Amino acid sequence: MRRNTLSSFVLLAVFAGSIFLASCGSNENLPCVSEGETGNGTISIKNDSGVPMVVKVGRATCRPCIIMTDTINEIGREFDGKIQVAIVDIDEDPGAVERFQIQGIPTTFVFDTSGNQTFRKTGIATKDELVSELKKAGMQ
Numbered sequence: 001m002r003r004n005t006l007s008s009f010v011l012l013a014v015f016a017g018s019i020f021l022a023s024c025g026s027n028e029n030l031p032c033v034s035e036g037e038t039g040n041g042t043i044s045i046k047n048d049s050g051v052p053m054v055v056k057v058g059r060a061t062c063r064p065c066i067i068m069t070d071t072i073n074e075i076g077r078e079f080d081g082k083i084q085v086a087i088v089d090i091d092e093d094p095g096a097v098e099r100f101q102i103q104g105i106p107t108t109f110v111f112d113t114s115g116n117q118t119f120r121k122t123g124i125a126t127k128d129e130l131v132s133e134l135k136k137a138g139m140q
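Mapped onto the working numbering, the consecutive letters of the sequence shown carry residue numbers 1 to 140.
Careful: at least some of the hints might be erroneous.
[Unchecked claim] Below, computed lysine to any residue pairings styled on SDA-like, alpha-carbon distance capped at 25 Å:
no.	residue 1	residue 2
1	121	67
2	46	77
3	82	119
[To be verified] Restraint-style ranges between C-beta atoms, simulated for each label pair:
no.	residue 1	residue 2	range
4	97	124	15 to 21 Å
5	77	98	17 to 23 Å
6	94	140	20 to 26 Å
Calculated from the structure, these hints are not laboratory results.
Owing to the predicted nature of the structure, the values given are computational and were not obtained by experimental measurement.
The beta carbon of each residue, even a glycine, is placed where N, CA and C say it ideally should be.
Assemble the whole structure, with the sequences as input and the hints as a guide.
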């Protein structure tokens with residue numbers, strides 16, 4: 001019995017670790033936020049791209065989230081190579097709610113080239129608003 005419990009614990013730990021690593025390393029477009037990087041009302045992310053990043057956290061079925069996804073994808077196409085874009089679905093990644101300190105959806109962030117949060121908005125942000133914030137964050 002004790003051996004089965006230990007085996008179950010080890011399998012659970014390996015599974016949990018693989019999920020964390022998958023969310024923080026395998027997809028370059030998915031921002032990795034660890035607990036040590038959150039606090040003081042702002043978030044830092046790992047951003048090795050050298051360009052600002054816009055991140056939308058929401059749901060695929062939420063109408064305002066869909067509007068924001070469309071806006072962010074449009075900005076991503078228009079400024080291809082000058083910014084990085086990430087869309088985080090809380091149904092697929094429930095841990096994102098805590099990591100990004102989400103209190104409502106959609107929540108949109110802009111991070112500068114060092115990965116520091118420079119903008120956060122819950123609700124719908126306009127294209128002009130996001131482009132302005134991306135320029136402030138270092139978009140060329």
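What hint numbers does the structure not satisfy? Of the numbered hints, 5 and 6 do not hold.
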